[in-house]
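Visitor: The lines below spell out each chain.
Protein chains: 4
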Amino acid sequence: MISFNNDYSEGAHPRILEALCNTNLVQDNGYGEDQYCQQARELLQEKLGSKDVDIHFFTGGTQTNLVAISAFLRPHEAAIAAETGHIFVHETGAIEATGHKVLTVPTKDGKLTPSQIQEILDGHGDEHMVKPKLVYISNTTEVGTVYSKGELKELRGFCQENNLLLYMDGARLGSALVSEGMDLQFADLPKLFDAFYIGGTKNGALLGEALVICREDLKEDFRYHMKQKGALLAKGRVLGMQFLELFRDNLYLDLAAHANLMANKLREGCQELGVSFLVDSPSNQIFPILPNEVIQKLRAKYIFATWSKADEDRSAIRLVTSWATKEEAVYSFLEDLGNVL
Amino acid sequence: MISFNNDYSEGAHPRILEALCNTNLVQDNGYGEDQYCQQARELLQEKLGSKDVDIHFFTGGTQTNLVAISAFLRPHEAAIAAETGHIFVHETGAIEATGHKVLTVPTKDGKLTPSQIQEILDGHGDEHMVKPKLVYISNTTEVGTVYSKGELKELRGFCQENNLLLYMDGARLGSALVSEGMDLQFADLPKLFDAFYIGGTKNGALLGEALVICREDLKEDFRYHMKQKGALLAKGRVLGMQFLELFRDNLYLDLAAHANLMANKLREGCQELGVSFLVDSPSNQIFPILPNEVIQKLRAKYIFATWSKADEDRSAIRLVTSWATKEEAVYSFLEDLGNVL
Amino acid sequence: MISFNNDYSEGAHPRILEALCNTNLVQDNGYGEDQYCQQARELLQEKLGSKDVDIHFFTGGTQTNLVAISAFLRPHEAAIAAETGHIFVHETGAIEATGHKVLTVPTKDGKLTPSQIQEILDGHGDEHMVKPKLVYISNTTEVGTVYSKGELKELRGFCQENNLLLYMDGARLGSALVSEGMDLQFADLPKLFDAFYIGGTKNGALLGEALVICREDLKEDFRYHMKQKGALLAKGRVLGMQFLELFRDNLYLDLAAHANLMANKLREGCQELGVSFLVDSPSNQIFPILPNEVIQKLRAKYIFATWSKADEDRSAIRLVTSWATKEEAVYSFLEDLGNVL
Amino acid sequence: MISFNNDYSEGAHPRILEALCNTNLVQDNGYGEDQYCQQARELLQEKLGSKDVDIHFFTGGTQTNLVAISAFLRPHEAAIAAETGHIFVHETGAIEATGHKVLTVPTKDGKLTPSQIQEILDGHGDEHMVKPKLVYISNTTEVGTVYSKGELKELRGFCQENNLLLYMDGARLGSALVSEGMDLQFADLPKLFDAFYIGGTKNGALLGEALVICREDLKEDFRYHMKQKGALLAKGRVLGMQFLELFRDNLYLDLAAHANLMANKLREGCQELGVSFLVDSPSNQIFPILPNEVIQKLRAKYIFATWSKADEDRSAIRLVTSWATKEEAVYSFLEDLGNVL
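Chains as they are written, first to last, in our numbering: chain A, 3 to 343; chain B, 3 to 343; chain C, 3 to 343; chain D, 3 to 343.
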């Protein structure tokens, strides 16, 4: 069986494991206060073009989101997300479990716009309703779309005018940054967000996400929140070491570029076969719409998720590629698809 | 510098890393539903002598404690712990952050007795106070002492009579099981506890704890709680693989035995130098009481924690050994101690 | 100024105050364990035709909802409500603040149907999403509509088949029970719901809601939850006494009937003037659609809420009547409306 | 039976009920935005000698404490209280249920001192433990003792130096202010506390506590927290009206003075009979130590709580007086006590 089910079906990029092995027996401090975490922080600050950001390492995305958002908000404040937002749909109410409502707007492409956020603000005026405070976006989004630099600047401006925090879930940030036509760069991020995280798990790490806190008043005592939520890893070095390796050269973006390239090949191959898509996604997730019996036949050899019903006879499926996707897997899929269509 | 600061100063035992490397590129399911987690569960069930236990893998001890305890208790129910209990002191209020009070009793040796728990029960009679429901013990305790099988049986009986859940934090379970004179074995545990965890992080793993749920009515929907608290690791295989390696043969207990042996050598060496101890601990943590100026001199070469003040001039320090502690480190410490005493 | 703003603009029905005065200096137990609360419980059990229900008194609706729902659900379980549901919109995230997500479906008339709930269930299949568990309805709804006995039976059957709890917010239960054509009676309620509350504040009491718990396994330790949430009133007698008075004879339903009668007169008067309504509501809340300049003129003399925009020039307003609404206020409003239309 | 069980066994002082009756049918805004609440706020500001305080009305003490403390603290911050503190013992873990640990120090007289708080601070240094932030005291304390103005000034200074919030539970503030030798006055309070509440329920009100927030940065959005915790009473006028009546003249302090006078008579009467006390309490709670068989005999006619065991044969009981305690009840008790001693 070949899996296009997600971007975390394999272990880590071999260089990551090698790096872990090489430093394995060095004694160092626990809880992220070791030399590797420290070096990784400095390296990331360099890439981000700012020494004024705090960086903390986590073991997963849901954990990062829930610790950050619950630390940033007061009890009566709420997050705003797209209806497809990961925190709203696929984190088992993790944000609500910390006491905060997630307000949503419907979207076709998984992206929030200032006018949609304005509608939420307009509908929340007094203490009988929660107070909208933090805008949550994911980039790439849950449906593989990306925010351009221009769109992010617009969101940023809107949030500043309205005293809202802007937070980015970067589980698939690598794929967004190297998506075709993207004008966004690492060094833009600290100016655009109050906080965001750089996803490692879905881009070559064994596990690990790097939260970057840009806004000064969100930094204080942050490690208390991590510890309280069980997110301060004893051997934090494991996380630091991986980011150090991913960012030592261009590995992080190279891995994302490979994932996108594989998705591009799948996309183009599907298009040549006359297949249409649920949404136009330039990243490592694509959503071709296929007849249900075709989907059924593909399942004999491939693992992937059915995303949504298109009509009585057809559904959109989700194909995800990663740093580890093999070109032959792509060709094999396209050939088999051609045969069963 | 040589560290006796804790048992998580190094990475993982080499066999662990080797195992991760060997299976690295195999595609498998996420979130602990892969073959390695499944095999590790079956292997642990075998060691525990029971197929009727559910096993879940976590990335750390605080995370395990908070997810388990908050899943097991209703909102008005409280945990009971020794005043030295990790959940009470060193988890930044993680249990309280899930809404539950931790009731405590003072202890000299970090261990709870039925009569102490009875006092708590006697003092909690109606709805104006929380309802004591779960007894939390750690084994080894935070001060290195251990519960014998007889003591655990007594606690178990008491808890059953009083409709209390009995939960064991096994961050250092390995060290307890191989401590001198210990009559407790893996296969005893499912009969003694409603739930407990087998600590990996402090006994050779890169990260990882295995929660074992024995009581039927605590099992339902448990993965929901893990996900909601950010504790369902995407590449769960990383955790399963490690427990598979630790329990494939006797590695887990061998590593703990080495740690205890190193602690024994430190203990005996200190005793020969006329040093006394805060508490009699037969495990991988010892607490010698030393003159403050001696402590100061040792710090030039060794890293360790000052635990408590003994009198005006002397303090107890904590020395922790692990699977990775080198014999020469022990001898070096004892020699230097002899010289400065 | 005359207010049609809500049904809690006045104090209590005079008989309520009289009852409080008459028993004022009798010494009795605190926290709802007094003779008046006990008598009120027995009286309500009699009206409900069941001795197998537990009854607890609260000071307000949001408090009742949050204590009940958080006591009934485990941490990963969620409530289902109409998008207009009070717990979703107007309780400042009170349910989420206890850790529980509220899942919603869009409705035109504020009412939930089995097929809508089925859609929610269909979309929630595994531990990456919350587990839908409790269906929250209000009767009358937030837009003044009512559930018939038949509709409730259908909901009840659906919930039982799907292992869902059915809970009714009865802030305006009186108005529902005496609405035109309603076939529902007090004695039906324990068979239809796992729990519900009988609203006092909006139907003549100074303050007070009576929560009725019908389902056996929801009853245990309920007073702990009340106390923990600050909802156990020291002089609980104040609440019991009021329900005792409201249900001593037919006062509770008489007051609701007066409110409905006043709303009927308003409705008919508006209709005679050619005014249409946002929704067809047979209870004490009506939502006429009026030109914005008419609304502006009415505000010179009347207090009421603008509910929603109908089109560029017109809005729906909400007029609420109560036990205390005077017939001359109704006539005055209609006359003035006729003049400015 | 005559009750000395607590100070909330009766309804309200007759003037309170009269005031409620007189204004009962006036239409006004809900949720504390009515004229009576507004007037009561202004009146209290006048008594407190400060227009710079925000005042909010609650229905009970536990509710006030939990809403205030959870609004004031960030998730990782903890409260410090005496081991006898109401929030630690008798509120069913209400503070922990909002996510915050309560740290305690043992006390003989229920009072906190700077040196005790310093010990807590000394023991809490990093992110592995909660961060102590708010000092909770009650005045009078749970054992009837009082803080003098000098003691409060000292606490205040200590808290300011250590960046701690100082909060007073004033459930029995009236009794404290009129206790013998007390030099504290209403107008001192805003200078001494960041926030405190003036208890109504235990001093003549039907229900009601007035929270006073003095510190600027604790005021923002406070009503959101009230609503979210179910503490914003629909007919808030009921609370405002009562405080308006209690503070229109000297009624509040007069009622407290009566309660203290009755307790004084009980105390002196006991002393004349050779009875000793658990603690020297100058307020409306006294704790005589009596032989167990005497206690048993007194129960035939009097209701009161057994507080603690003194030795094998004797226990301390708690006698509470109130504004409603009748002088003949006191004499009757003393006479009966004399007969059975």
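These aren't lab readings, by the way, just hints derived from the structure by calculation.
Computed from a prediction, not measured in an experiment: that's the story for all the values here.
Incorrect hints may appear among the rest.
Stated by the list, open to error - Okay, the calculated beta carbon distance ranges per label pair:
#1 D/107 <-> B/337: 49 to 57 Å
#2 C/127 <-> B/16: 52 to 60 Å
#3 A/343 <-> B/23: 55 to 63 Å
#4 C/162 <-> D/107: 26 to 34 Å
#5 A/311 <-> B/40: 44 to 52 Å
Said to hold, decoys possible - Calculated lysine to any residue pairs in the SDA-like style (CA-CA distance at most 20 Å, straight line):
#6 C/135 <-> A/92
#7 D/303 <-> C/32
#8 A/328 <-> B/31
#9 C/133 <-> B/253
#10 C/221 <-> B/76
#11 D/133 <-> A/222
Cβ atoms here follow ideal geometry from the backbone N, Cα and C, with glycine treated the same way.
Visitor: Would you mind marking each hint as holding or not holding in the structure?
Guide: Cross-check of the supplied hints:
Between residue 107 of chain D and residue 337 of chain B the C-beta distance comes to about 43 Å, which lies outside the given range of 49 to 57 Å. A hinted range of 52 to 60 Å for the beta carbons of residue 127 of chain C and residue 16 of chain B is inconsistent with their spacing of about 41 Å. Judged by the Cβ atoms, the range 55 to 63 Å given for residue 343 of chain A and residue 23 of chain B is violated: they are separated by roughly 40 Å. The supplied range of 26 to 34 Å is broken by residue 162 of chain C and residue 107 of chain D, whose beta-carbon atoms lie about 52 Å from each other.
Taken as a hint, the range 44 to 52 Å is violated for the pair residue 311 of chain A and residue 40 of chain B, whose Cβ atoms sit roughly 32 Å apart. Pair hint residue 135 of chain C plus residue 92 of chain A holds up; C-alpha atoms about 17 Å apart against a cutoff of 20 Å. Distance check on the hinted pair: residue 303 of chain D and residue 32 of chain C sit about 18 Å apart at the alpha-carbon level, within 20 Å; holds. A C-alpha spacing of about 17 Å is found between residue 328 of chain A and residue 31 of chain B, which places the hinted pair at or below 20 Å, so the restraint holds.
This hinted pair does not check out: residue 133 of chain C and residue 253 of chain B have alpha carbons roughly 40 Å apart, beyond 20 Å. Restraint check for residue 221 of chain C and residue 76 of chain B: satisfied, since their Cα atoms lie roughly 13 Å apart, inside the 20 Å limit. A C-alpha spacing of about 12 Å is found between residue 133 of chain D and residue 222 of chain A, which places the hinted pair at or below 20 Å, so the restraint holds.
The structure does not agree with the numbered hints 1, 2, 3, 4, 5, 9 stated previously, though it agrees with the rest.
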